[in-house]
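Required output: the full structure, derived from the provided sequences and hints.
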Amino acid sequence: GEDVEQSLFLSVREGDSSVINCTYTDSSSTYLYWYKQEPGAGLQLLTYIFSNMDMKQDQRLTVLLNKKDKHLSLRIADTQTGDSAIYFCAESISGGYNKLIFGAGTRLAVHP
Amino acid sequence: SAVISQKPSRDICQRGTSLTIQCQVDSQVTMMFWYRQQPGQSLTLIATANQGSEATYESGFVIDKFPISRPNLTFSTLTVSNMSPEDSSIYLCSIVLGQGAKNIQYFGAGTRLSVL
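Heads up: the sequence lines are chains E and C, in that order.
Under the working numbering, the first residue of the first sequence carries the number 1, and numbering increases by one thereafter.
Under the working numbering, the first residue of the second sequence carries the number 1001, and numbering increases by one thereafter.
Only true hints are included.
Beyond 10 Å from chain C on every Cβ pair, some chain E residues (computed):
1) His71
2) Asp78
3) Thr81
To be clear about the criterion: a stretch of chain E counts as covered by chain C if any three or more of its residues have a C-beta under 8 Å from a C-beta of chain C, and this derived list gives those stretches:
4) 42 to 54
5) 99 to 112
It should be emphasised that the hints constitute simulated quantities derived from the structure, not laboratory data.
Virtual Cβ for every residue (Gly too), placed ideally from N, Cα, C.
Below you can see the structure in the form of structure tokens.
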């Protein structure tokens, strides 16, 4: 069945780059997404990438997609304390409607 | 994107009671979804709610426990019935914007439910 896996925790120093990794199983996924959840808040869509792309950059965010290995990563440049949150990777699965399968989330802690 | 409002934002309920969660969107959308996020866990889809049809439930979720209404294109409700402490979770609604394959899901802020 479909599965999305992420490492659960990442700690970085303020100003460094953060890289959050994700693997997925459905090779027919059309889009892959990164969502951010701050404490006590809902999910905020950060960025997404179409499956025929291998890279997408948006300001401090860079998404890399290795479709062969079904590996997705999110790089945050110049990480700030405001980036501390849980980051969820999600894939859309085939089947005619927009069902998303979420990973368990990676908790990013940014320290001075 | 769109503005998605959920009510209540949080509640503490007694075992055996029911709670209805509302999701209001500031634009008309065809597809709405309800998710559950158990403590420390990821999101799990409960059901898809399309206007004019019965909700489609995922495996492990049933209508008697989680009845859903979708009376129009801007509003939906999810009821958590006969609650037990295991129902303590964050419940989120989401909508889809866009066309074709480029359909993006946006989420409300969630309803934090604690059942005593």
